[in-house]
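Line order of the protein sequences matches chains H and E.
So the first sequence is residues 58 to 372, counted in this note's numbering.
So the second sequence is residues 220 to 602, counted in this note's numbering.
Hints listed in this document are in silico derivations from the structure and should not be mistaken for laboratory results.
Note that the structure is a prediction, hence the values are computed from the model and not measured.
Treat the hints with care, as some may be off.
Calculated cross-link-like contacts (lysine-lysine; reagent style DSSO-like; alpha-carbon spacing at most 27 angstroms) [stated by the list, open to error]:
hint : chain 1 : residue 1 : chain 2 : residue 2
1    : E       : Lys596    : H       : Lys240
2    : E       : Lys432    : H       : Lys215
3    : E       : Lys224    : H       : Lys169
4    : H       : Lys189    : E       : Lys224
5    : H       : Lys122    : E       : Lys232
6    : H       : Lys239    : E       : Lys432
7    : H       : Lys213    : E       : Lys597
8    : H       : Lys169    : E       : Lys232
9    : H       : Lys181    : E       : Lys432
10   : H       : Lys287    : H       : Lys350
11   : H       : Lys181    : E       : Lys597
12   : E       : Lys443    : H       : Lys75
13   : E       : Lys442    : H       : Lys194
14   : H       : Lys189    : E       : Lys442
15   : E       : Lys232    : H       : Lys138
16   : H       : Lys120    : E       : Lys232
17   : H       : Lys213    : E       : Lys374
18   : H       : Lys115    : E       : Lys232
19   : E       : Lys442    : H       : Lys120
20   : H       : Lys189    : E       : Lys432
21   : H       : Lys122    : H       : Lys181
22   : H       : Lys88     : E       : Lys432
23   : H       : Lys283    : H       : Lys213
24   : E       : Lys442    : H       : Lys78
Selected chain H positions facing chain E (Cβ under 7 angstroms, derived; list incomplete) [claimed, not checked]:
hint : residue
25   : Leu113
26   : Phe124
27   : Val141
28   : Glu145
29   : Phe149
30   : Tyr160
31   : Gly163
32   : Leu164
33   : Pro228
34   : Tyr340
Even for Gly, the Cβ is constructed at its ideal location relative to N, Cα and C.
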Amino acid sequence: MKEMKNVIEVKHLTKSYKSNKAVDDLSFEVKEGEILGLLGPNGSGKTTTMNCILALLKFDDGKIKIFGEEMSPDAYETKAKIGVVFQEVAVFDELTVYGNIDYFCGLYIEDKATRAQYVEDALKLVGLEDNKSQYPKQLSGGLLRRLNIACGIAHKPKLIFLDEPTVAVDPQSRNNILEGIKKLRDDGATIVYTTHYMEEVEILCDRVIILDHGKIIASGTNDELKALAKIEEKVTIEVADLTPNQLSGFEKIKNVSEVEYDSGVLKVVYNKGKNNLSDMIEYLKTNKIAYNKIFAERPTLNDVFLELTGKELRD
Amino acid sequence: MTVSKAFWKIALKNIGTIITYTVILIMFGTMNISSGSTTTSYEAKKPSIVIFNHDEKVGVTKNFIEYLEKNAKIKDGYEDDDRLKDALFYDDVMLVIEIPENFHQDIALGKNPEIKTRSSAGYAAELAKVVVNRYLTVAQAYAAINLSEEDLASKIDGALETSTKVDVNSEVDTSKYSKPTRYFSFANYTILACVITIICLIMSSFNRLEIRKRNLVSRIELKKMNLILLRNCCIYALAAWVFYVLLGFIVLGFDTIWNLHGLLYAANALVFTACATTIAYLISRIVFNSGAINGIMNVVALGSSFLCGAFVPAEYLPESVLAIAHIMPSYYYIDANNKIMEMQNTSFETVWPILLNMIIVFCFCVLFVIVANIISKKKQKIA
Numbered sequence: 058m059k060e061m062k063n064v065i066e067v068k069h070l071t072k073s074y075k076s077n078k079a080v081d082d083l084s085f086e087v088k089e090g091e092i093l094g095l096l097g098p099n100g101s102g103k104t105t106t107m108n109c110i111l112a113l114l115k116f117d118d119g120k121i122k123i124f125g126e127e128m129s130p131d132a133y134e135t136k137a138k139i140g141v142v143f144q145e146v147a148v149f150d151e152l153t154v155y156g157n158i159d160y161f162c163g164l165y166i167e168d169k170a171t172r173a174q175y176v177e178d179a180l181k182l183v184g185l186e187d188n189k190s191q192y193p194k195q196l197s198g199g200l201l202r203r204l205n206i207a208c209g210i211a212h213k214p215k216l217i218f219l220d221e222p223t224v225a226v227d228p229q230s231r232n233n234i235l236e237g238i239k240k241l242r243d244d245g246a247t248i249v250y251t252t253h254y255m256e257e258v259e260i261l262c263d264r265v266i267i268l269d270h271g272k273i274i275a276s277g278t279n280d281e282l283k284a285l286a287k288i289e290e291k292v293t294i295e296v297a298d299l300t301p302n303q304l305s306g307f308e309k310i311k312n313v314s315e316v317e318y319d320s321g322v323l324k325v326v327y328n329k330g331k332n333n334l335s336d337m338i339e340y341l342k343t344n345k346i347a348y349n350k351i352f353a354e355r356p357t358l359n360d361v362f363l364e365l366t367g368k369e370l371r372d
Numbered sequence: 220m221t222v223s224k225a226f227w228k229i230a231l232k233n234i235g236t237i238i239t240y241t242v243i244l245i246m247f248g249t250m251n252i253s254s255g256s257t258t259t260s261y262e263a264k265k266p267s268i269v270i271f272n273h274d275e276k277v278g279v280t281k282n283f284i285e286y287l288e289k290n291a292k293i294k295d296g297y298e299d300d301d302r303l304k305d306a307l308f309y310d311d312v313m314l315v316i317e318i319p320e321n322f323h324q325d326i327a328l329g330k331n332p333e334i335k336t337r338s339s340a341g342y343a344a345e346l347a348k349v350v351v352n353r354y355l356t357v358a359q360a361y362a363a364i365n366l367s368e369e370d371l372a373s374k375i376d377g378a379l380e381t382s383t384k385v386d387v388n389s390e391v392d393t394s395k396y397s398k399p400t401r402y403f404s405f406a407n408y409t410i411l412a413c414v415i416t417i418i419c420l421i422m423s424s425f426n427r428l429e430i431r432k433r434n435l436v437s438r439i440e441l442k443k444m445n446l447i448l449l450r451n452c453c454i455y456a457l458a459a460w461v462f463y464v465l466l467g468f469i470v471l472g473f474d475t476i477w478n479l480h481g482l483l484y485a486a487n488a489l490v491f492t493a494c495a496t497t498i499a500y501l502i503s504r505i506v507f508n509s510g511a512i513n514g515i516m517n518v519v520a521l522g523s524s525f526l527c528g529a530f531v532p533a534e535y536l537p538e539s540v541l542a543i544a545h546i547m548p549s550y551y552y553i554d555a556n557n558k559i560m561e562m563q564n565t566s567f568e569t570v571w572p573i574l575l576n577m578i579i580v581f582c583f584c585v586l587f588v589i590v591a592n593i594i595s596k597k598k599q600k601i602a
């Protein structure tokens with residue numbers, strides 16, 4: 058199998074704000090054509106890392122290479138290949154949707170005809186074709202986010218940074234944005250995606266780096282990360298009443314590591330084993346315990362994070 | 220090209236503000252130049268006098284009455300005392316004089332006959348008294364040398380007709396330039412307001428942190444982008460200057476300022492417009508909030524206009540205020556306008572003070588750019 062080139066190489070990156078280490082000896086690579094997820098709670102150092110990579114922030118120590126070239130504020134050749142979508146919406150209120158995309162695309166693409174085509178492509182990608190003559194203030198929050206993305210990717214960059222692009226976005230716009238990002242990857246772009254929504258990372262990312270307090274606490278593919286979790290499966294059952302005897306009976310089931318019952322919802326955690334759900338149904342039948350709903354789920358990245366740090370991703 | 224295009228699109232979005240300040244200039248500027256026109260000619264006003272003559276109309280008495288007829292407006296028909304009192308109250312009559320019996324003889328004999336007078340309260344009554352006293356003083360002076368009544372009257376006439384001819388040694392009628400001076404001095408406010416507001420609003424859009432970050436990660440060099448923005452700011456300011464000078468030609472009349480004075484007014488305004496641009500550049504480096512820009516513009520434009528004499532002539536301002544005004548470029552701009560108005564002829568001595576003021580304003584430009592760049596560099600150190 059062909060070895061993918063490193064698009065980004067970060068080595069021993071350290072950045073402090075006075076005595077507070079925002080990024081602590083961070084090292085990682087991003088391969089060509091992949092979507093790398095930087096996952097972590099607020100304040101974990103995701104945005105600081107991104108700003109350091111983009112040479113928007115000076116850092117204390119470490120080396121950053123993009124496309125094999127050392128990144129610096131005047132690395133304009135490298136910057137030409139990069140697109141950035143910042144967490145905050147960065148558009149001109151005085152320009153229309155089309156005008157905004159045209160402006161930011163124009164910072165990279167000088168040829169008028171090519172630019173016009175690129176702007177149309179970006180509008181199509183984010184689904185704003187019908188809004189191109191509107192001003193940002195006339196757009197809803199979700200549409201504004203889509204415009205923000207279009208402005209960052211209109212020039213068809215090879216490397217795209219997306220910093221929490223779906224914060225405060227309605228589900229329809231979120232789906233549209235995620236579909237757009239997948240399309241960008243399919244078109245050959247390498248993407249660094251920072252978020253604290255683990256669901257998005259699971260849907261989108263080929264590889265994930267989990268950050269906490271500026272340090273990498275885990276990295277790998279979704280499956281590799283989930284394998285770090287001690288739990289195998291979680292079974293949730295809606296059951297109206299349980300006697301203390303019945304409850305203690307669940308704890309004695311094979312492979313069960315944890316049982317929690319609260320407000321009519323029973324959560325049973327298995328740390329290993331197969332066919333846990335069918336075994337559970339069998340157990341309920343045998344003991345004549347009535348239930349409404351029952352479902353099983355694999356461990357999430359949140360579970361991994363919880364196990365590694367003792368706190369939830371969104372804490 | 221893209222940056223310039225965005226600059227002008229944002230400027231067009233603020234066209235309402237530009238039109239507002241232009242209308243302010245036209246309205247107030249025109250009102251300003253028409254309200255305070257300078258009086259250039261004077262007409263002597265004759266006081267109204269009522270004479271009650273109890274003497275014979277001969278000799279000095281006849282001469283005195285003829286003198287009063289020449290130098291005052293003699294009113295008749297006030298025999299009724301109540302009517303006379305009303306006339307005095309309403310200033311229809313300023314002075315009532317009663318020439319006593321034997322007035323002509325007493326004067327000729329060198330006596331000092333008492334002339335009874337009643338007067339109204341206004342300044343014109345004092346003027347009337349001056350007219351009367353002037354005659355009596357001259358008459359008494361000549362009476363002392365024992366002349367016949369006929370000779371005395373003739374001498375008094377001769378003395379009173381003597382006048383002083385005053386030549387105004389001025390080659391240029393400076394009052395001709397009072398209107399252009401007021402127009403260009405008032406432009407201190409409009410140029411500052413228009414240039415600062417629009418440039419700061421546009422720059423605040425480009426300086427918004429999110430937009431700045433996007434521009435910083437793009438392939439356009441920061442220095443190049445700043446130069447493009449600065450160039451467009453200058454073009455806008457230049458356009459504003461051209462507009463105000465052309466408006467000056469329309470409002471003041473082509474003949475009034477199509478000369479060296481007009482050229483100096485325009486050049487002075489150009490240097491000041493450049494200074495306004497640098498002030499805007501400096502403010503845009505400090506204030507990114509478009510809401511605060513209007514407040515700051517008002518403080519700078521209105522404050523300097525009041526303190527430096529754009530609205531009220533500097534000679535009416537207290538010295539302490541003028542002392543403060545010295546630290547503002549507006550003071551030197553307005554002072555240069557006044558010096559242009561007073562310029563009598565074209566020589567190094569007359570033009571140099573004006574040029575010196577322009578140089579001082581230019582120095583302010585340099586100072587503002589240096590301060591703006593220091594602030595800009597400090598702000599660039601985000602990390």
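Quiz item: Which earlier hints turn out false for this structure, listed by number in ascending order?
Solution: Numbers 1, 5, 7, 11, 12, 13, 14, 15, 16, 17, 18, 21, 23, 24, 26, 33 and 34 - these are the hints that the structure violates, sorted from lowest upward.
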